[in-house]
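Put chain B on the given structure of chain A with help from the hints.
Protein chains in written order, with my numbering: chain A, 837 to 1069; chain B, 127 to 534.
Keep in mind that the hints are not guaranteed to be accurate.
Claimed, not checked - Only part of the chain A face toward chain B is listed, based on derived beta-carbon distances under 10 Å:
hint, residue
1, N920
2, Q925
3, A1013
Stated by the list, open to error - Below, computed lysine to any residue pairings styled on SDA-like, alpha-carbon distance capped at 25 Å:
hint, chain 1, residue 1, chain 2, residue 2
4, B, K469, B, G439
5, A, K1062, B, K515
6, A, K914, B, N386
7, A, K934, B, G439
8, A, K934, B, L364
9, A, K934, B, D363
The hints are simulated quantities; they were obtained by calculation from the structure and are not laboratory data. For clarity, every value in this text was computed on a predicted model and none was experimentally measured. Cβ atoms here follow ideal geometry from the backbone N, Cα and C, with glycine treated the same way.
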Amino acid sequence: LTLKSSVASASLSSTGGEDEECLRITKLVEMEMEYVADVLAEDSKNYHAWSHRQWILSTVNETMIWKTELIFVNTLIKEDIRNNSAWNQRWFASHYGKKVPLSLENAIVEIDYSLEAATIDPYNESPWRYLIALLREQRNGTKEDVNNNNNDEFGKLLVKCEDKICALKSTMDEISACACLIAAYIDVLEMKNDSDSFEKAACLAQELGTVHDTIRRRYWLMRQKKLKAYSMK
Amino acid sequence: MSSSIPFYHNLHVQYIQSLASKIDSPTSYEGAVTEHLRMSGIYWSITALSLLLPAEQVDQAMNLTSCCNIENTSTSPENKTTEGTKNQSIVDFVHDCFDESTGGFGGNKLQDGHILYTLSALQILAIANALQEDRFLQIKRKVIQFIQSLQQSDGSFAGDKWGEIDTRFSYCALSSLSLLGALNDDSNHTVNVQKAAEYIASCQNFDGGFGCHPGAESHAGQIFTCVGALSIAKRLDLLRDVDLLCWWLCERQCDSGGLNGRPEKQADVCYSWWILSSLSILGRVDWISKKKLASFILKCQDEDDGGIADRPGDMVDVFHTFFGIAGLSLLGVLHEEEGGILKVLDVENGEEGGEERKAQYRRIDPVYALPTDVVRKLQLQGQIWNPNKDSSLVDDRLRSYSIYNGDM
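Chain A on its own, in the form it takes in the complex (with noise of 0.2 Å):
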């Protein structure tokens, strides 16, 4: 697709072959992208669809389309809130396609976005991979922050998480204690990066190696270690 160079606004030098051409093409990526609708209309998970339409995106890569993609990503969320595949698409089209992290304004709402579905079923585990995800790419952005303003900011963000993960947890029934909720806010209190909360990470380790999560108890006991170790230095 040449869309690029073709969406040159009209203007009134160029010739009508060219409008033409740009109109033709427009109208190509909406058939295409209704098609791919379609195709995940009836399989939300298609992962060769998912494909197709990350390679439309990604070649004519205009503001408007990422934007459409967003409504597009959320109204299947809303369907099927555990829908892991638009929930990838969900990152991939609020970084429109590439590894460039997001402002911090625009983390916000993704973190606020993944916190909303997380409270609505907190069982669910792509939300809280989401968030966690968003905290780190912005956790790796204050490294270089010579200024170390956003370093302020950051922390803002990991008390906020905290305690919405806290408030939520306390809602819940003890016994069915729900291991993604732990294991988001083992990861958040790893990122507050001080003593107090490498130890209570540690706990909640334990807890999930031997009573939550067993079935994954050495994973949990390999992080006990290193945030026990952490906590000591």
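Frame of chain A, contents of chain B only:
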């Protein structure tokens, strides 16, 4: 404490051996819908059987290097039909699938060369010890050139001339070249291995996993191909946050003990391979509950006719049979000494016979998905991640690979 369900050795051997005649029948539905991937089907059956029986028995049972039919196994035009391999050895069949126009191997006779079936063909020839035969040496350079031609400027690989890009093809390319001893062939600049590795690394996602291209959803199968390819390229150092990746992998274990391929999908026996092999390469197999997974795989056996299905109660197929057996091998339960989790049922020879069988089972290599003796014989290169300083903890089958210790 052993599982209550035994491993049905005889049934599985029978199932695999009877496949060829069943599938090659012109009235076979299964044969028809899998015709395009016959090469891979043969690789799955040969390798599965190779884990259970000694090489000579596999050769005889499957007509691997020669066939019992005394008639000429020529590659005359009359033989180039898609009607199966009745009068040929499997190696003959493989050669009949060589596509002169591309230099690759097709999934069946008269089909276009594709990287997927090129790898399967080479894997079969490796097991059959046929990579040094004259007729293969004659086409070897063409095969290398075919693979070379598929690499793109960003390091990725297409599957064939039509240009589909997928990290699976990166794995197929690197594994194929390694089997051909052409991975580090500087003289003819085969492929740019470093660029291939960098492209794969660029496919790592926010959750630690890998997809079919950058940004594509993490999927256990794709993760294997990426981790496997990086192992062959000896660039495991390009992986970011291995703990996160391995956690994602062990999170695939469901309450049933089975593994799924991505969040909220059903457990499937084949992920026993894709996930265990990745964890083996990365030194964290023990993050999976061994007993629960072994028990799940055993439940997927067909206790009447042999073979293994994707999940308990479903119909079996050779794909899941292979990956189920391979999974049991990687778990180690197929090779445990007496009193282990898995009991082998050898109908002919009773309990002792079962233990004897077990002692003879060959091991599967997690990087190349071939019996370890084949990998060692060909001196294939690879790299594994050992998170422990103690190299004695490295699984026996991985000792010939170079070790990467991560941040240590």
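Run the structure past the numbered hints and jot down the numbers of the failing ones, going up.
Hint check: 3 and 7 fail, others pass.
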